[in-house]
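Asker: Each chain is listed here by its residues.
Protein chains: 2
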Amino acid sequence: MRIVITGGGGFLGQRVARALLARGGLGAKPGGATQMSELVLVDQVMPQGGVSGENVRYATGNIADRSFIKRIFAPQTDAVFHLAAVVSAGAEADFDLGYQVNLDAARLVFEACRAQPRPARLVFTSSVAAFGGELPAVIVDTSAATPQSSYGTQKVIGELLVADYTRKGYVDGRCIRLPTIVVRPGRPNRAASGFMSSIIREPLNGETAICPVPKEAGMWISSPERAVEALVRAMEIPATEWGANRILNVPGITVTVAETLAALEKVAGAQYLARVHFERDPGIEKIVLTWPARFATARANAMGFGADSGIEDVIKLHMRALAQ
Amino acid sequence: MRIVITGGGGFLGQRVARALLARGGLGAKPGGATQMSELVLVDQVMPQGGVSGENVRYATGNIADRSFIKRIFAPQTDAVFHLAAVVSAGAEADFDLGYQVNLDAARLVFEACRAQPRPARLVFTSSVAAFGGELPAVIVDTSAATPQSSYGTQKVIGELLVADYTRKGYVDGRCIRLPTIVVRPGRPNRAASGFMSSIIREPLNGETAICPVPKEAGMWISSPERAVEALVRAMEIPATEWGANRILNVPGITVTVAETLAALEKVAGAQYLARVHFERDPGIEKIVLTWPARFATARANAMGFGADSGIEDVIKLHMRALAQ
Chain A
3 MRIVITGGGG FLGQRVARAL LARGGLGAKP GGATQMSELV LVDQVMPQGG
53 VSGENVRYAT GNIADRSFIK RIFAPQTDAV FHLAAVVSAG AEADFDLGYQ
103 VNLDAARLVF EACRAQPRPA RLVFTSSVAA FGGELPAVIV DTSAATPQSS
153 YGTQKVIGEL LVADYTRKGY VDGRCIRLPT IVVRPGRPNR AASGFMSSII
203 REPLNGETAI CPVPKEAGMW ISSPERAVEA LVRAMEIPAT EWGANRILNV
253 PGITVTVAET LAALEKVAGA QYLARVHFER DPGIEKIVLT WPARFATARA
303 NAMGFGADSG IEDVIKLHMR ALAQ
Chain B
3 MRIVITGGGG FLGQRVARAL LARGGLGAKP GGATQMSELV LVDQVMPQGG
53 VSGENVRYAT GNIADRSFIK RIFAPQTDAV FHLAAVVSAG AEADFDLGYQ
103 VNLDAARLVF EACRAQPRPA RLVFTSSVAA FGGELPAVIV DTSAATPQSS
153 YGTQKVIGEL LVADYTRKGY VDGRCIRLPT IVVRPGRPNR AASGFMSSII
203 REPLNGETAI CPVPKEAGMW ISSPERAVEA LVRAMEIPAT EWGANRILNV
253 PGITVTVAET LAALEKVAGA QYLARVHFER DPGIEKIVLT WPARFATARA
303 NAMGFGADSG IEDVIKLHMR ALAQ
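Here the protein sequences line up with chains A and B, keeping their order. Reading the first sequence from the start, the letters are residues 3 to 326 in the working numbering. Reading the second sequence from the start, the letters are residues 3 to 326 in the working numbering.
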């Protein structure tokens with residue numbers, strides 16, 4: 003089994019790669035994994051000290067380059083995690099780049115899957131940014147996608163394409179709308195939702211964090227651990243269990259900035275709170291405050307997807323990772 | 003005011019052109035129309051005996067050709083009706099052609115609008131094919147788009163793009179989901195829904211029609227007259243009245259095959275019914291029977307869009323057009 007992860011050099015791609023190596027491959031049942039012949043991590047640059055292994059290969063290049071994608075997918079490929087994307091604030095700032103990567107490059111990947119002798123399994127990462135504007139109090143499985151950002155628009159278009167390619171039998175696609183991932187490690191990125199990680203990560207790191215939204219602002223979040231589990235589960239669930247509907251809101255938890263800071267105080271100590279400054283940013287607010295904070299994920303729950311138990315545990319998971 | 007109609011050589015494009023010429027242009031109020039300096043009808047071929055006039059110009063070429071589109075939109079353009087499309091069964095039969103015309107060419111048109119010195123008004127024709135699969139009994143304004151065909155997928159992607167371009171201020175876009183148009187004049191086309199026109203048109207023309215779906219099958223339809231009114235209205239309504247939501251289900255009427263044949267008998271005579279043969283076509287059924295037949299179009303009604311009074315009147319409109 004050959005597996006490709008686009009965005010494989012990134013934080014989430016690296017975690018998925020590590021999870022696959024730990025499991026020895028992919029399979030419907032634990033212990034019943036099909037071994038990987040090759041795990042290809044595609045990204046713009048190779049990460050320093052990244053995941054390595056006998057069957058692990060890095061492929062660096064521009065994902066929007068047709069010939070690069072063709073080369074990546076020339077050997078028969080069985081499973082693809084398509085994680086590569088320009089993040090929300092980035093796609094909002096550079097309209098053309100957003101469409102080039104989040105739509106055009108995604109289409110190259112879907113076409114590469116279609117060109118396989120056997121339809122490849124494809125996990126496409128979508129986002130809560132699929133929703134925005136006037137929303138119901140709680141998003142349910144049948145809620146209409148109403149993106150209010152270019153990033154969200156591009157993600158919803160990706161979902162629609164994956165659904166159509168799947169219906170045609172060109173790919174065996176699975177789209178999951180991931181909550182905002184908290185705590186993202188490393189430096190802040192251009193994701194508009196990045197502050198929710200920053201207000202935990204930076205204080206614990208002895209640095210100052212800027213919170214660009216009011217304390218009452220809520221967000222639908224997931225730890226990196228649950229997100230990686232969701233990605234692997236989305237891939238492993240048999241096509242028959244997915245059925246015709248290939249777009250899924252996966253579980254998360256709803257937290258406000260205030261709740262997050264209270265949990266930080268409880269788990270780590272009151273001294274960290276002083277390192278969080280509030281400076282409202284209308285540009286960030288315009289994107290993030292349109293995203294829904296509450297979901298009822300009945301279908302995903304029934305399919306075995308799980309959520310974190312609370313924001314305190316999310317912070318503890320991050321502190322444990324820091325200590326390693 | 004320069005107006006471009008893509009698909010301007012087609013049946014609907016010609017009717018819109020005629021309506022614009024009759025009105026003398028476009029405007030928010032009757033009698034307050036802004037005069038057209040040029041009306042450009044873009045299509046693959048020039049129609050025989052098509053609309054003509056002092057300011058009417060035909061531009062023939064491939065709409066998926068970037069340089070052709072650039073030339074069309076080089077002079078400052080104020081309003082665009084984007085009607086050109088590969089129809090439903092056509093897009094289902096030729097996956098690549100469908101995406102090339104219904105997505106890639108649409109994007110060329112949107113980019114051409116974006117390149118205007120002033121954002122152009124754009125009416126994008128979407129379709130009931132935006133819906134499919136497990137549907138509520140009645141589609142409402144907030145129902146989720148769930149296309150079950152490549153054509154429907156492409157139309158929903160177009161809507162999302164128009165909404166995003168509009169949000170960014172690149173275009174002043176308006177998407178209307180037209181009901182199936184009955185009676186389409188001329189020869190049958192590759193639209194999967196074409197039979198509903200055929201079972202009226204062919205018998206009246208002394209020919210045989212094939213109905214590929216059961217008598218009970220329902221459809222959400224509009225006469226060409228109401229569809230043209232909807233297109234012009236969508237363009238004329240001020241941006242402020244559209245607000246942030248640029249995607250609209252427009253009114254139609256729900257009719258079954260049985261009701262249509264009963265109306266044909268009443269309006270034209272019983273002798274025509276014998277010319278309709280039932281031959282089920284699973285390919286057509288698979289597309290058309292997933293489309294919703296019932297809508298509640300509260301928002302469009304409030305915006306002044308209107309529907310036909312019933313299938314008998316729709317047939318009479320067609321017979322009147324034939325007699326001219």
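Among the hints, erroneous ones may be present.
[Claimed, not checked] Pairs of lysine-lysine residues, derived as DSS-like cross-links and limited to a Cα-Cα distance of at most 30 Å, are as follows:
1) LYS72/A / LYS170/A
2) LYS170/A / LYS217/A
3) LYS318/A / LYS268/A
4) LYS170/B / LYS170/A
5) LYS217/A / LYS268/A
6) LYS318/A / LYS217/A
7) LYS217/A / LYS170/B
8) LYS170/B / LYS288/A
9) LYS217/B / LYS72/B
10) LYS72/B / LYS170/B
11) LYS217/B / LYS288/B
12) LYS268/B / LYS170/A
No wet-lab data here; the hints were simulated from the structure.
Asker: Next step is simple, just say for each hint if it's right about the structure.
Answerer: Results of checking the hints against the structure:
no. : hint                : verdict
1   : LYS72/A / LYS170/A  : 21 Å, holds
2   : LYS170/A / LYS217/A : 46 Å, violated
3   : LYS318/A / LYS268/A : 11 Å, holds
4   : LYS170/B / LYS170/A : 33 Å, violated
5   : LYS217/A / LYS268/A : 17 Å, holds
6   : LYS318/A / LYS217/A : 21 Å, holds
7   : LYS217/A / LYS170/B : 28 Å, holds
8   : LYS170/B / LYS288/A : 13 Å, holds
9   : LYS217/B / LYS72/B  : 47 Å, violated
10  : LYS72/B / LYS170/B  : 21 Å, holds
11  : LYS217/B / LYS288/B : 16 Å, holds
12  : LYS268/B / LYS170/A : 42 Å, violated
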